[in-house]
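So the sequence shown is numbered by the working numbering: it starts at -16 and just counts up by one.
Rather than coming from a laboratory, the hints here were simulated on the basis of the structure.
Keep in mind that a hint or two might mislead.
The calculated lysine-lysine pairs, modelled on DSS-like cross-linking and capped at a C-alpha distance of 27 angstroms, are [as the list claims (entries may be wrong)]:
#1 16 - 52
#2 16 - 123
#3 103 - 143
#4 123 - 103
#5 143 - 123
#6 16 - 143
#7 143 - 52
#8 52 - 103
#9 52 - 123
This one's a predicted model, so the numbers in the text were calculated from it and none came from an experiment.
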Amino acid sequence: MSSPLKSTLALAAALLVFTATNASGQTAHIFWKDLRPATQAVAEDAGLPMIAAKLPDRGETLSLNLQDKTVQLAGYALPVDRDGDLVYQFLLVPWTGACSHMPTPPPNQIVLVTPARPYKMSQAYESVAVTGALRPGLEKSQLFILDGVSIIQSGYTVRKADVVAVDRVPDTITLPVNSPWSFLNKKKN
-16 MSSPLKSTLA LAAALLVFTA TNASGQTAHI FWKDLRPATQ AVAEDAGLPM
34 IAAKLPDRGE TLSLNLQDKT VQLAGYALPV DRDGDLVYQF LLVPWTGACS
84 HMPTPPPNQI VLVTPARPYK MSQAYESVAV TGALRPGLEK SQLFILDGVS
134 IIQSGYTVRK ADVVAVDRVP DTITLPVNSP WSFLNKKKN
């Protein structure tokens, strides 16, 4: 192999490593609290997590400081568009049961995710981490559930997202034991 070719290949390899290192270094690992204004506390009423109907702005005030930044957020996936076990779009929510079995979280606590590749999902509310560019903006989705169709408003979108299964969601809201939906709490041994 000629010396100029070796130099070119070495430079290309170094640039590839540098780019990959910088790209991963720019990913902000965020939590659900980062998606709502700091002045908006988690309001728990009757043992239920924060819901849109109880907030003065109905949860439509979004955090714009993360706009177009690459973020990673863990939550629970609720399929919106699927074919069998392949999911083409889903809602990422902060607790199990949100949107389909109990009151809907505010829009600033729901992310509409379109994976870069269809994501194989074995069950609804699978815990996943999503990585991609976060875009604030209210968007409505039709969610097909057992007892009909529900229109869910999300406050953020992540398109072309990398999606991976995770063992746990670090800032999940655990439903109280006396909640009729406590069976949805994920138990990890």
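Tell me the hint numbers this structure goes against, listed in increasing order.
No numbers; nothing is violated.
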